[in-house]
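Respectively, the protein sequence lines represent chains V and R.
Under the UniProt record's numbering, residues 1 to 140 are what the first sequence spells out, in order.
Under the UniProt record's numbering, residues 1 to 352 are what the second sequence spells out, in order.
The hints are simulated quantities; they were obtained by calculation from the structure and are not laboratory data.
Values in this document were obtained by computation on a predicted structure and should not be read as measured data.
Hints are supplied without guarantee of correctness; some may be wrong.
[Claimed, not checked] Ranges between beta-carbon positions, derived for each pair: (1) E343(R) x R10(V): 33 to 41 Å; (2) R10(V) x R312(R): 22 to 30 Å; (3) K81(V) x I294(R): 45 to 53 Å; (4) G23(V) x D106(R): 53 to 61 Å; (5) R26(V) x G103(R): 21 to 29 Å; (6) N136(V) x E288(R): 44 to 52 Å; (7) R10(V) x E347(R): 36 to 44 Å; (8) D198(R) x L47(V): 33 to 41 Å.
Glycine included, C-beta positions come from ideal geometry on N, C-alpha and C.
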Amino acid sequence: MSVEQEQTERTIRCLVAKVGLDGHDRGAHVIARALRDAGFEVIYSGLHRAPDEVVQAAVQEDVDVVGISILSGAHNTLVPKILDGLKEYDAFDDRLILVGGIVPDDDQEELRGQGVDEIFGPGASMEEMIDYIHENAPER
Amino acid sequence: MSDLVADLLAGKHSALARVITKIENRSPGYREIISDLHQHTGTADVIGVTGSPGAGKSTLVDKVAATYREQGLTVGVIAIDPSSPFSGGAVLGDRIRMASNAGDMDMFFRSMSARGSLGGLSTATTDAVTALDAFGKDKIIVETVGAGQNEVDIVRTADTVAVLVPPGSGDDVQMLKAGILEIGDVFVVNKADLDGADRTVQQLREMLQGQSGRPNSGHHGATELAGDSDDAATDDADAVDDETETWDPPIVETVANRGEGVEDFLNTLADHGEYLDRTGRREGQARERFAAEIRTLLREDANELLVDELDRRGGIEQYVDAVIERHTDPYTVVDEVLAPLRECLDEPRDGS
């Protein structure tokens, strides 16, 4: 409305996406809830999403953070497809791309090279992730 | 015109998404954006879908959107979920039900959180509908949990309002108090394969018939459209006199997750659309909506001006102190604060 209301702190929006043939969503649920409790708006994709569905959600919801949860080991196939899709719709640069799950060290380097901002493996704490998002959420 | 507006009008999805973000955040410049977009609107059909949590709104909306897409129409959906009053955060899960439209970019689905807002949600929703309309969507669906004034205001942005009632949702008194009977143009008993669906339909019909106070209540009772019957046409086709033609909210039975009854529901929506056009009510509704919007904006902006003025006068606390001390009273305070404004408005103006 007015100047005053326009300058209130904006709400960070996060997509929590389960992609591919991976039915393990308890972690994603826990993370969705933790992000909600941290005051973020969380869009949960549901299970078994194809990369283009994740892209569709990330673009349309205009999220600040795209969180991709993969425990199936297919990250080398699925993550690049999502990154390409985001670039295609001009929705890559101003978005934080996070991957959560089991990603071997060698693959981590590769994913980072492709544009993933951070990877959270087993043992990563919620605080760590929330702090990271607060510090690195893109300016818009 | 800003680049963002140009990109949106050119059909760029990320621009549409960003405009809605600006609307939600009330970011600097969002008002200019809406002003620029307004002249490009007026072509979309806006449908409101409301009902209690778990009634099947998202699932029905998914099927409806998919059917529209099959007909070659573009669709925009705004799904509103509550936010936590404690953290301000929210989990927006309506997307999960959008399985029939996965990966289809011309089906634009956007989740919005209520953000515990101060009645600003209906403004944000109206503006988001404006953005989708200007983008060129043929059908816009606004989906919200139906309880309370805020939601009623939200669905008022729609040309046609569908109210979902799941079977076994309490007795008829529950329906009375929720205020849902007044806002519905179409009633949908979803999950019609469950026990108690017939009873719910019957109760609903009785309630609708008993509503003498309904502004556009008619002379024939609510028409039930059975889930899979072919004679699903409404009985207002024989209405001749446009002046007195009224709309009796039909009751449709659906089983949304199996897609049953969706066709009937769409026909009913189309019937209502034709009714609005035939009677000129669509224009009337638009006039009412714009009038309400202007009033809301005036109220909010004037309120802001007065908040600033109060700050300039040293804040509201000193007035509160004076009122507590019985040196003055709230009415006198208001008169005092508003006096300069009144004088200003009373001054003779050019041409008057």
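Evaluated hints:
Between E343(R) and R10(V) the CB atoms are about 39 Å apart, so this pair conforms to the stated range of 33 to 41 Å. Checked against the hint of 22 to 30 Å, the pair R10(V) and R312(R) passes, with Cβ atoms roughly 28 Å apart. Between K81(V) and I294(R) the beta carbon distance is about 47 Å. The supplied range of 45 to 53 Å therefore holds. For the pair G23(V) and D106(R), the beta carbons lie near 30 Å from each other, so the given range of 53 to 61 Å is not met.
Taken as a hint, the range 21 to 29 Å holds for the pair R26(V) and G103(R), whose Cβ atoms sit roughly 25 Å apart. The beta-carbon spacing between N136(V) and E288(R), approximately 46 Å, falls within the hinted interval of 44 to 52 Å. Checked against the hint of 36 to 44 Å, the C-beta distance between R10(V) and E347(R) comes to roughly 40 Å, which is consistent with it. Taking 33 to 41 Å as the suggested C-beta distance range, the pair D198(R) and L47(V) conforms, at roughly 35 Å.
The earlier numbered hint that this structure contradicts is number 4, and it is the only one.
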